[in-house]
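Quick mapping for you: the protein sequence lines, in order, are chains A and B. Quick note, the first sequence lines up with residues 1 to 786 if you use the numbering used here. Quick note, the second sequence lines up with residues 1 to 476 if you use the numbering used here.
A couple of the hints might just be wrong.
What the hints assert, rightly or not - Each computed DSSO-like pair below joins lysine-lysine, with the alpha-carbon atoms no more than 30 Å apart:
(1) K398/B to K783/A
(2) K452/B to K656/A
(3) K90/B to K232/A
(4) K127/A to K199/B
(5) K31/A to K12/B
(6) K163/B to K199/B
(7) K31/A to K90/B
(8) K230/B to K129/A
(9) K238/B to K127/A
(10) K67/A to K230/B
(11) K31/A to K433/B
(12) K199/B to K684/A
(13) K433/B to K232/A
(14) K230/B to K31/A
If you are wondering where the hints come from, they were derived from the structure by calculation, not from laboratory data.
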Amino acid sequence: MSKKMAIAQRSEAWRQAPHPDAGLHVTGEAKFIADEPRPSGLCFAAVVPSAEARAKIASIDAEEALKFPGVIAVLTAKDIPGDNIANQVWKDEPVLAADEVNYNGEPVAVVVAGTEAAARNARGLVKVKYRPLAPCLTLEEARRRKNFLGGERRIARGDVEAALAKAPHVIEGRASSGSQEHFYLETQICRAVPEEGGKLTLFSSTQSISEVQETAARMLGRDAHDVTVDVKRLGGGFGGKENGAIKWACLAALAAAKTGRPVELRLTREEDVSWTGKRHPFTGHYRVGFDHDGRVLAYDLNIETDGGAYVDLTMAILERAMLHADNAYYLPSARIIGRAYKTNSPVNTAFRGFGAPQGVFIIERAIERIARTLGLDPFAVRARNAYREGQPTPYGQPVRDAHLPTLLARLRKNSNYDALRRQADRFNAAHPDHKRGLGIVPVKFGVSFTTSFLNQGSALVWVYTDGSVSVTHGGIEMGQEVNTKVAQVTAHALGVPLSFIRVESANTKRVANAPSTAASVGADLNGQAARIAAETVRGRLAAVAARMLAAKTGRRVPLARVIFEDGAVFDKEGPAVRVSFREVACRAHRDRVDLGAKSFYRTPGVKYDQKNGRGTPFHYFVNGAALVLTEIELATGSSRMIEAQIVHETGRSLNKAIDLGQIEGGFLQGCGWMTIEEMICGRKGEVLTSGPSTYKIPTCRDLPARLRIEMVEGGCRYASVYGSKAVGEPPFIYGEAAFLAIKDAVEAVAGHCFEAEFDAPATPETVYRAIGEMAQLGEEAEKSRN
Amino acid sequence: MLLITFWLNDKKKTVEVDEAGTALEILRSLGLTGAKEGCGEGDCGACTVAVGELRGRKLRYRAVTSCLYPAPRLHGKHVITVEGLAENGKLNVVQKSVADRRAMHCGFCTPGIVISLWCLLASKSRPTPEDAAEALEGNLCRCTGYAAINRAVDALVAAAGKKGFSVMPGYCALIEKEMLAPLADPEKTGDETEYLRPKTMTEALAMIEPSKPGEPLRPVAGGSDVMVAKRLGKMAPKRLLDLSGVDELRRVSEDKKKIAIGAGLTLTEIAENAAVRRLLPALRGTVKKMASAQIRNVATLAGNLVSASPIADSVTTLIALDATVVLASAKKERRVPVEKFITGYRRTDLRPGEIVISFEIPTDWDYADFQKTAKRNCVDIATVNSAGAFRLAGSRVKEARVAFGGVAPTTVLLKKTVRYLKGRRLKDIDPEKAAALAPSEVAPISDVRGSKAYRLALVREHMIRHLLRLAARVEA
């Protein structure tokens, strides 16, 4: 190995790091909120849910419940001292329903008792009288009643009508995707611990410490500084604990404030699935104009979503769906109109992708239809339409580092697409009972909060006098290993081994006003902030070290030559003489040099005008593409993936093992959404699929036998901390390839002469029905030929 | 309350438990919070622990979901939790493999996955990848997409059986010896006796005598159904009769024409039984498609039958195989064909004072098979299940029994369709014709697992496949 290569490798070695908590997780030592030792006097809260989807509350009678042994209090909206508001932006959603309920499961009261069992058993004794009103339970009904949430949103570029009129081909269609339960393994929980003077600390399973703090404080009529929120780790989040955690934290806070006792509120799985919001179902109606080669000329799209009973994050999700309605394709003219509707369902909320997967799904169906109409290969049509460098999106942001054509070519080569296609055709000709299909989906995912002001992050770095380092940032560790990445960045910036770094729990006292850990930007915002803070401290230490080195060698050492590496500090031009980082830290303290820094980072250049649908909402894009080969069983409609190939651009990954895990995990979660995960509600809006026995997420058997993932660096001109790119959400969209593969397999039933029409999820039943329709189309065609 | 004694990792413990409590509650109250409640219905695996009990003189460990494991049943068992695997600060090889391959993101499911894998390697010296999938299909992970978990599994499977590979903590051998000494029954610390643990059938039958005062006893075998129902408030039996300690219920015997399977054998034990494997592959296939490893490790055919769900997989197969259920009370024993034993939706002919003691299943079928269609490919409740059993006379169908589950308030044994098949030569049987008859004999409803139309279609499709498979088998 050449010396230069060795140096290059060493200099990149910091980009590898094991899971810092792996040893804790495999021994059971890692503690989640419910695992922490119980404070003395801990009480438990259980929520009384609305039994109606829509009703006026006539009365709430807690007398019997209060007599139940162990019950300490029953709290209703009347007990809230401050604002009964769970959503600070739209202010439409109460923490506890006061006069009316708007979905089945909406919290009406909370029972506090000495044991979990007593709290749960007593809540049946809280008598709530309702005057039921006619609920609106479906998007269709909401459309009919014109139950809008927020206003209409619009993104437009060019003259779509004129372009459609001139286009050689125009087709239309519709596509729908369904709801999805987050199914984080740790259900929602908050432990509220009262402190002196009416202050509180909330240990909440939230992705957003600051929103919980602000909302709880206002609800209690207190100042934000009276409520501390602390989060060490979550057992999964996926967006469901962004706004979704606020209500439960507030209810625990209310119970603790009212009783003066520490209170834990934990949802059971059925409660969590029944009461908390899901991924937004979307329906899109499109018209698309294209030329003879399948190049899109105009895209006219109307999309609608069911936001549930309150606004929550629906408008931002609708916007992101619209901002990804182009997915990977240049649309010379486009008109994208979005509307959200209110129904009497639990409040749909953030879920990995935040609307983007839903927007992508519609145009992918349109692209498939273009290919079918022209008899072209869908892979070729996708490649033909993929963004080239500098082409503008419908909202006017030019696409930089446009790697999609290259990535698609790589996917085609890696997967040996043409051979796969031939093999599938041969298989289909030989097998009357099973069919195989291929699905391809490219992804261009915009990174940043589209609500531009949220793109900020802070970190607090302290170097102790022994050289060890404490870092706090605003991000929440929920399995995506943001803490590992922040630790790596801090260690690299300070030139110390990873073992020197401890990442603290997220805590509103140490880092305030943090945006939610969401939009895939946890590592970007908090990593950048940690880098800045660490560099600030390093700058101060460099001066100290320069003096120490000068004293040792008798030569002056300019600051620019001071190198921090592997826990040592030295002069670039005399690396033999070193002082340890520990010594420098200790000396700095004695010299009264500040060893701590609080930093602030804001993403440069992002600015989006939500009203006019124009601007630069994204710092950069993440690109990639996936292919799935699947097999369906005609007798039942069951499917199973055989192979998946993914090419994904990571920038200069901070940690390839973490990023690989995000790609694998996102992909399978997306496959679940597209295939077997189906939310079913009853006539009163009650969730019927409220547990793992009825709501099926993928198991270890659902992963394809062959899964090949290639991570490519791609461009890092437009990237974030140390050239890395966000990775959390984009891979989720690869799951759509599983749907498209099933669709392709269904179409094989009639020799690929017709296009199958069915919505996601492609459950066995849905697929079975589509197979039947396809077979009938095939037979009719056969008859008309004869 | 009961004062029970059991071994927890490397220590013997005596603790007071609530008769209605679960093992998970006890372990967590003892500060072992590695096992977690992810669903409370045994379907996610986050609460998985290993339960060891003596089989002969050997300690045998099985993964169970501790959220459904009755706390009193821990008496005399050895429980290994994720906290007990590392010894002297050194990770167990299973833990190390999972940690080294980053087979975790958030870590919430990790303790369960580690234990499931440990149980696999503790019970099989050379597991296959299929064994590993079977062991892990009951452990949900929402973060990793299982790819990294599979890498950890592959490494372990490759290393298993090699020299020096051992997953067994050192204390297991000592506990195995200690367990040979008999243990006194758990001490009652309250007035109300709610949890009875008979050791012999005579004892059990005496306890359940209907003339005894108080609320009738509810017999429990695996408890996987009763514990869920209890938790959901669908059933609140005050008094439970735990039959899992009655060894007489765990026997398998065979004669020329039939096999008798004790009601106390777990589904795992049935699948592993050599006689079942040889004589009733259809039953083995059925059992392996039921629930997850953790549930199969406790659940029994008797429990599946008595809960009388119209979608119970094993009931469908037992009916097709013309099984007889053997029931006993203190006074007498009686035999009832399984299809007659189920009298309605979740209703049976089980009389007060009776328990299920065994199943007698004819083995002289020329061909039998089981089919199950569900939303997910494993660990799912069927939309429709079916089983067919056939006797042939030369090239003719002498006898056929075809049963369908999930298509009526109770499992349906087809009659008209079978009349069409009987006496007919195989080559004269038109599967489409049989399949056209079958739907007229069922009355499915629409629910979360599928619509009526889909279920009717599946009845046709299953019927065709039973006949095609039968024909293929005869040809072979």
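So, going through the hints one by one against the coordinates:
no.: 1; hint: K398/B to K783/A; verdict: 40 Å, violated
no.: 2; hint: K452/B to K656/A; verdict: 48 Å, violated
no.: 3; hint: K90/B to K232/A; verdict: 26 Å, holds
no.: 4; hint: K127/A to K199/B; verdict: 46 Å, violated
no.: 5; hint: K31/A to K12/B; verdict: 25 Å, holds
no.: 6; hint: K163/B to K199/B; verdict: 40 Å, violated
no.: 7; hint: K31/A to K90/B; verdict: 20 Å, holds
no.: 8; hint: K230/B to K129/A; verdict: 27 Å, holds
no.: 9; hint: K238/B to K127/A; verdict: 26 Å, holds
no.: 10; hint: K67/A to K230/B; verdict: 24 Å, holds
no.: 11; hint: K31/A to K433/B; verdict: 61 Å, violated
no.: 12; hint: K199/B to K684/A; verdict: 48 Å, violated
no.: 13; hint: K433/B to K232/A; verdict: 63 Å, violated
no.: 14; hint: K230/B to K31/A; verdict: 28 Å, holds
When held up to the earlier numbered hints, the structure conflicts with 1, 2, 4, 6, 11, 12 and 13 and fits the remainder.
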